[in-house]
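Engineer: The lines below spell out each chain.
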Amino acid sequence: MDATIAAILVQDGVVNGAVYALLALCLVLVFAVTRIVLIPQGEFVAYGALSYAALDEGRVPGSAWLLAGLGIAAFAAGLAHERRASWPRILPRLAGECLVLQAISIAAAFVLAPLRLGPWMDALLTLALVTPMAPCLYRLAFQPLAQASVLVLLIAAVGVHLAMVGLGLVFFGAEGYRGPAFLDASFSAGPLTISAQAIVILLATLLIMGSLAAFFEATLAGRALRAVAVNRLGARLVGISAAGSGRLAFTLAGFIGALSGVLIAPLTTIYFDSGFIIGLKGFVAAIIAGMASYPGAVAAALVVGLVEAFAAFWASPFKEVIVFTVIIPVLLLRSLASVPGEDEE
Amino acid sequence: MIFRRFWPLAALLAAIAVAFVPQVPIFWVTLADTIGIGAIVTLGLVVITGFGAMTSFGQASLMGFGAYTTALLTTQAGLSPWLALPASLAVAGLAAFLVGSFTLRLSGHYLALGTIAWAVSLYYVFGNLDLVGRNDGLRGIPPLSVLGTPLLDSRRYFVVVAIGFALAMWATRNLLDSRMGRAIRSLRGGAAASASFGVSIAGARMLAFVHAGVLAGLAGFLYAHMQRSVNPSPFGLSGGIDYLFMAVVGGTGHLAGALLVTIANDRLQDWLPLLLGAGGSYETIVFGALLVLILQTAPEGLWPLLRRGAPIRRRAIRPAAPLPARPRIAPGEAVLEARGLRRNFGGLVAVADIGFDVRAGEIVGLIGPNGAGKSTTFNLLTGVLAPSAGEISFAGRMLSRITPQSAARAGIGRSFQHVKLVRGMSVLENVALGAHLRGRAGALAAMLRLDRAEEARIFAEAARQLARVGLAEQADLPARSLALGQQRIVEIARALCLDPALLLLDEPAAGLRHQEKQALAALLRQLRAEGMAILLVEHDMDFVMNLTDRLVVMDFGTKLATGTAADIRANPAVIEAYLGGVA
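So the protein lines, in turn, are chains A and B.
Everything in the first sequence is counted per this note's numbering, starting at 1 for the first residue and increasing by one.
Everything in the second sequence is counted per this note's numbering, starting at 1 for the first residue and increasing by one.
Just so you know, these hints were derived from the structure itself, not from any lab.
Yeah, the Cβ is synthetic: ideal placement off N, Cα and C, and Gly gets one too.
Hints may contain errors.
To spell it out: a stretch of chain B is covered by chain A in this simulated footprint if at least three of its residues, at any positions, have a beta carbon under 8 Å from a beta carbon of chain A; those stretches are [what the hints assert, rightly or not]:
#: 1; segment: 289-299
#: 2; segment: 348-358
#: 3; segment: 458-470
Residues of chain B clear of chain A, computed beta-carbon distances all greater than 12 Å [unchecked claim]:
#: 4; residue: Arg314
#: 5; residue: Ala410
#: 6; residue: Ala566
Just chain A, same shape as in the assembly (with noise of 0.2 Å):
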């Protein structure tokens, strides 16, 4: 190896790394908030693009359909959760967030999808497509479980990442596809080439970060989220909805995954089922910052993107054995620091 291949290779870790720094960030914010392991965020990333290259055809997305489907299957959970006597209380918000939002993106993507209007045009709407169904999956598949214990909402993570995936298939098909660059040009630094997509991406991540801290720091929804995840009832206590959190928390998740798709959309083919793998190198990270820390989980990112890109030049048949291996000593750490024993109910 000389210095040109290392430089590829870490151009390489650190543009697919960043994307993992997001998916990473989506985790430990939704575990701190909602004590849930989001198994299926990955499903977010292959949702957002598909959906994003669907656009890019002209065609509208699948995702349209599946939206109007779980708006309304969230919109009747939502109902039957409540009791008849408060149903006008809750109903123009519940109708809102369920039918409102997604009958406006889904009106949005017929009207302008065959109008081929760029690739800027059809990230906007596949973020405005896929967005809107993680509140929905919140509601349907977690709003019941809030008390549950971590472990439980695992597993219905599981059982959720499992109907995403097929859902997937049936709403995309078993085709892969791959989407346009926003920016179709490139540098040469040196001996190396560096695509603008790379820069897109790199600042995108920046950009999002940024956002995300501003949120946490600045605005009441973001301190409100903060609460929550320090203390639930304290929380509560204070007014704050543990529901609504959760739904927030869903809905940033959301956003991030689908935007995180269609950043890397142009990068690789993505399938139905594309995004576990993905996913799960996200959480490779997540779990080396402990599901605790925010510039933990972003350096933690960075090295699975570093390692993957290595290992895929070193030895390429056992890229994901090392990615997936390299949880393992930290494991160990966190192990010898931890205290076992503790009850588990």
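Fit chain B to the given chain A structure using the hints.
Structural biologist: Just chain B now, kept in the frame of chain A:
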């Protein structure tokens, strides 16, 4: 009685007989073979998840070790499959031991995520190793044969699968109904308590994990010789998720649930495509949605719903020789001597230079206002916390580095301020957990039913202690059904099962009615008369003052006073601590 004893055997023979009825389509029998194999894996997972309170997504990978071992040994080394069987079991068990040794120390969801990580890794290892044929796998695995007859068709193979499942079920049931099995079952909600009766928590977790690994190995072996070829695809994470799904749906606390749901699951796999039209995608959608729905509506799984209202089984207690007893310490001799005990939490000194004795045949009360450091002192004496300074001698011997297990071995029996019983086990079984250190039988002996004589002795002792505390009537009820006060008394019976020289009781009278308190006081007096040393933390002053020989009063982590009840009542410092200063 005879029926109950032999019905599993009858059911096995009946199932085999049905498989050979020519009118039963071969398709169904093939399905039954798959179900049986899946049920063996799920059985192990139920032990891990339902009883051991751990989660593993990696059982399919362990199954892969069993399958690949026999595939390699029979195709490459030309070994007979029956000789490869022990190797399959051993390799899968060893694999479980190795991955367990670095993941089992993790708790809760970290453990679950750890198993996901190695399940994914192992899948790619299987798919990329030349030794096991990469993604193509290994072909040409010989069929199992009995007396020279190869078991080629599904009906004959069903005999092997059915017997394999029956043996797995038998061994697992036997294991759970044994000394080591109770240690595994205590992991759900009672780990801290069982540790203080000498159970090695790490050991119990590993035992459950390796047992499940060996079962997965058996399933892998059966799978390999049924398919006659192996490749990585059934041994990945999705396989592991399927098995966990089955365990959750069946009800992780119940062995029979494993069989029930594997049946339902495989049936579903056949019927869904017919119901919903072609295409495998609906299957995963329905699986995923069903999994969530079951967690929402029946978190205990389906089996308990079927069992609802079933009568409670009574355990027969046979007279048996008493368990070996500890040599008694002569009354008046010091059992416990604490000197200069100190414990800091960061800058906070919770316990500062506490020292006192407890002698055989006396009851010492440890009292003090809330936050005085009584519980911390208790935890120092029982090895739950390590002291920052100071020394503890027991029966004249210095104890260095006390752990809950070593405290139990030394002869310190304890109860807990917050009751720690295994909610799903019967009262009697909870009490029997106290006698863990007085038995020897290991897991293998238990599976083969070689531990029955010792078990009879343990249960005779447990029944005796339970009768002594007045709860003989409740012996067969699940522990969770008792009132809180009664659960405290069960904890005392459990502590007595250890045959302790020193009994540490943390608020034993809390939640008891007047009559029950008097009965408890009478019991403690009787134990004192027998030469037991008793240290109790208690808030009920009447109870303490009438019962104890001496009192140690703590306030703000320091010893405020010691003396008889009358001395303490008259001590101005104590009055000030409890009632505030006299203005």
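Engineer: Verify this for me: three or more residues of the segment 458-470 of chain B with a beta carbon less than 8 Å from a beta carbon of chain A.
Structural biologist: This one is violated; 0 residues, fewer than the three required, reach chain A with a Cβ under 8 Å.
Engineer: Hey, does Ala566/B actually stay past 12 Å from chain A on C-beta?
Structural biologist: 41 Å, holds
Engineer: Is it the case that Ala410/B keeps its Cβ farther than 12 Å from each residue Cβ in chain A?
Structural biologist: 19 Å, holds
Engineer: So is the segment 348-358 of chain B in contact with chain A by the C-beta rule, three or more residues under 8 Å, or is the coverage claim wrong?
Structural biologist: violated (count 0)
Engineer: Per the coverage rule (Cβ-Cβ under 8 Å, at least three residues), is the segment 289-299 of chain B covered by chain A?
Structural biologist: Three-residue rule met by the segment 289-299 of chain B, so holds; n is 7.
Engineer: Over 12 Å to the closest beta carbon of chain A is the bar; see if Arg314/B clears it.
Structural biologist: Answer for Arg314/B: holds, closest chain A Cβ roughly 27 Å.
Checked against the numbered hints given earlier, the structure breaks hints 2 and 3 and satisfies all the rest.
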